Amino acid sequence: STRVRQLELTLERLRWLPDVGPGPLIAVNLPAYRLWALRLGDQADAPPLEMRVIVGSAAKTETPLFVGKMAWLEFNPYWNVPRSIALGEMLPKLVRDPAWLERNDMELVGAGKPSSAVDKAALAALRSGKLRIRQRPGPQNALGAVKFALPNAMNIYLHSTPARELFQRSRRDLSHGCIRVEKPVELAHFVLGGLPGWDMDSVEAAMEPGPMRKVDLAAPIPVVLFYTTAMVDSEGRVLFPRDVYQRDPVLEVALRA
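Residue numbering for the sequence shown is 94 to 350, as defined by my numbering.
Hints may contain errors.
[As the list claims (entries may be wrong)] Straight-line Cα separation of at most 25 Å, PhoX-like style, residue types lysine-lysine; simulated pairs: (1) LYS307 / LYS162; (2) LYS223 / LYS186; (3) LYS223 / LYS206; (4) LYS276 / LYS206; (5) LYS162 / LYS186; (6) LYS213 / LYS223; (7) LYS153 / LYS206; (8) LYS162 / LYS276; (9) LYS206 / LYS162; (10) LYS186 / LYS206.
[Unchecked claim] Between beta-carbon pairs, the in silico distance windows are: (11) LEU332 / PRO304: 39 to 45 Å; (12) MET247 / GLY287: 22 to 28 Å; (13) MET247 / SER327: 26 to 32 Å; (14) LEU107 / VAL188: 46 to 52 Å.
Don't read these hints as lab results, they were simulated from the structure. Keep in mind it's a predicted model, so treat the numbers as computed, not measured. Note that beta-carbon positions come from the ideal geometry of N, C-alpha and C, so glycine has one too.
I would like the entire structure built from these sequences, with the hints used as guidance.
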């Protein structure tokens, strides 16, 4: 009866999703830690690109559910550190160790030339919002070699990661809210499919260390971040992901009301 109820709650949630029409689509089921990139309409018979993902932490920073549109890619991106992370996690480290920014290939930006020098004035400017922290492109960059931009007020997007070992964990709610993808080269090739000159080799070349490069997509691609604790895999097996964000009981209460 518990499993049947999970199936019913899943059907209810799927009714909330919009009809995105034909064309490419990226869908992420958060509790399953899974992403699918597929084409609807005339090319619907092509097998989807499937991969593991890392999502926001259940304890602090849940990834929100929404439907957005991917508009561009950034190869070798800068990581513009959100203010909450800069003040809550990085500022205490800078107070104890002013050289921490330089060791982590980060810099202060916002007034004049970017700098990794940290003194009392810089710390005060960071606290007040006059300066912010960003991480330069490179092997230490938290976003890895590519960022999949998804304009939204919550600053949520998809990106690669240098911490590849985390994809081997069974529970992968480990991020600050953004979604880390297991196969960034394949996903970049998928979303750039409408542009000439972007085969797999050119995507891999663009992800080699170098300056940041922005590439606009031929057309925005819908991205659906959804949540279901029941699903069917490609072989027809029914799977029941853990309710990592504890949303099933909340939906039960809402439906009873």
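When the hints from earlier in the document are held up against this structure, which numbers fail? 4, 5, 7, 9
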